[in-house]
Amino acid sequence: MKKENMAMLCDFYEFTMSNGYFKNGFYKRTVYFDVFFRKVPDNGGFAIAAGLEQLIEYIKELHFDEDDIAYLRSKGIFDEEFLGYLLQY
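Under my numbering, the first residue of the sequence shown carries the number 1, and numbering increases by one thereafter.
Since the hints were made in silico from the structure, they are not lab data. Note that the structure is predicted; figures quoted are calculated from it, not measured. Glycine included, every Cβ here is placed at the ideal spot set by N, Cα and C.
DEER-style ranges, computed between Cβ atoms:
no.	residue 1	residue 2	range
1	34	12	19 to 25 Å
2	54	23	27 to 33 Å
3	44	66	44 to 50 Å
4	53	5	16 to 22 Å
5	23	56	29 to 35 Å
6	11	88	19 to 25 Å
7	44	77	40 to 46 Å
8	41	70	40 to 46 Å
9	57	88	19 to 25 Å
10	38	76	38 to 44 Å
11	27	70	20 to 26 Å
12	14	43	31 to 37 Å
13	37	76	34 to 40 Å
14	14	84	15 to 21 Å
Please take these sequences and the hints and turn them into a complete structure.
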């Protein structure tokens, strides 16, 4: 049974923005993203972070296969160079 690709579980905003960034050469830059919360609620003294293991696993497994690219291609809104980049990611 084929494992579900979590990279495809996002809306098209991320893909269309990524396509635009790619077209403008931003794929050549190193970027960073944060996972955070703003503050401990109710002035509490501690916080429990859950889901970090799943987040790390998601990042390690981030990829796009031929079926994913075929689906994105079928929408007719992404550059072929961008789709090729995703396939090699």
